[in-house]
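Under our numbering, think of the first position of the sequence shown as 65, with each following residue one higher.
These aren't lab readings, by the way, just hints derived from the structure by calculation. Possibly wrong hints are sitting among the right ones.
Stated by the list, open to error - Now the in silico label distances, taken between C-beta atoms and shown as ranges:
id	residue 1	residue 2	range
1	P292	L120	28 to 34 Å
2	K152	K294	20 to 26 Å
3	F273	I230	32 to 38 Å
4	L237	F273	23 to 29 Å
5	S350	A145	46 to 52 Å
Stated by the list, open to error - EDC-like mimics (lysine to aspartate or glutamate), calculated; alpha carbons at most 20 Å apart, straight line:
id	residue 1	residue 2
6	K194	E348
7	K194	E320
8	K194	D266
The model shown is predicted, which means the values in this text are computed figures rather than measured ones. Glycine included, C-beta positions come from ideal geometry on N, C-alpha and C.
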Amino acid sequence: MKVTAGPETATSADHADARLAHHRIAPPTSWSDLSFAELWSFRDLFGILALRDIRLRYKQTAFGVAWVVLQPVLSSLIFAAIFGSLAKLPSDGVPYILFVFAGMLPWNLFAGSLQRAGNSLVGDARLISKVYFPRIVIPIASATAVLLDFAVAFVVMGIFTVFSGIPISLTWLAVIPLAALTFAIAVGVSLVFSALSVYYRDFTYALPFIIQLWMFGSPLVYSTSLVPAKWQALYGLNPMSGVMDGFRWAILGQREFPLTGLALSLLGATLLLLLGVYVFQRVERSFADVI
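Build the full structure now, drawing on both the sequences and the hints.
Okay, here's the thing in structure tokens:
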């Protein structure tokens with residue numbers, strides 16, 4: 065929020081020299097105007113929006129939170145049957161269903177956050193047009209709600225690995241920063257889509273298609289080792305490829321630490337996050353007028 069003040073002289077019988085301060089509230093338009101103190105002051109609203117999204121997702125559903133487990137498990141079984149049994153794709157020496165499930169953990173976090181946060185501003189049009197608050201809170205809160213799904217799916221992954229005879233090791237702790245990296249990538253992309261969707265609904269319609277294309281461009285059902293060496297550098301520009309390899313290293317082991325891939329993912333996450341904040345701030349000023 066940017067507040068500007070300008071004094072004006074007011075004449076009256078009792079206060080001839082009184083000076084009135086006029087304050088103008090406006091969205092930030094440059095990096096210097098971004099106030100983290102203001103964002104922190106709206107932390108209660110952030111929590112309310114995140115909890116609302118969690119409740120709405122499972123409201124009036126027969127299975128409730130069980131869908132968090134059913135969706136990745138059923139998807140992993142289908143991928144294992146098609147790509148593992150029929151196509152015989154390699155799985156780096158581990159059962160194919162574990163290979164896929166370990167990749168689905170970061171992918172579902174990314175895709176779910178992007179899907180929900182990318183359409184969040186359009187869904188909260190009434191709230192935006194009625195009261196001022198940092199609009200950036202809405203997409204970030206929507207993305208944060210997906211972390212519950214990730215936590216439940218991660219517990220299921222632990223159960224699968226124990227029953228498969230793969231021991232839980234200290235490398236599992238690396239899942240925390242890897243999840244944070246995935247979340248940063250999702251937030252950066254969703255800020256761009258959510259902001260531009262306010263002006264052009266085409267971005268809302270294109271988002272599911274882009275997520276699907278991004279999935280096939282990421283090592284979800286196949287190993288990164290299948291990518292030809294001459295394309296490895298270009299393939300590494302996809303920040304989700306290094307993250308997914310990192311998850312498999314942390315959970316399943318039996319592979320080298322993907323240092324190059326994770327370094328590229330960290331760089332990509334930083335650039336996407338900066339781009340998302342920049343685009344969001346540039347178009348935020350007229351949200352209430354066009355939404």
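Satisfaction of the hinted span 23 to 29 Å by the C-beta atoms belonging to L237 and F273: 36 Å, violated
Does D266 lie within 20 Å of K194 when you go C-alpha to C-alpha? 25 Å, violated
When you check the alpha-carbon spacing of K194 and E348, does it fall within 20 Å? 15 Å, holds
Evaluate the given range 32 to 38 Å for the C-beta pair formed by F273 and I230. Holds: the Cβ-Cβ distance is about 36 Å, inside 32 to 38 Å.
Between the alpha carbons of K194 and E320, is the straight-line distance 20 Å or under? 53 Å, violated
Can you let me know if the beta-carbon spacing of K152 and K294 is within 20 to 26 Å? 24 Å, holds
Taking the Cβ atom of P292 and the Cβ atom of L120, is their distance within the range 28 to 34 Å? 44 Å, violated
Does the Cβ pair S350, A145 satisfy 46 to 52 Å? 50 Å, holds
Hint violations for this structure: numbers 1, 4, 7, 8, all remaining hints satisfied.
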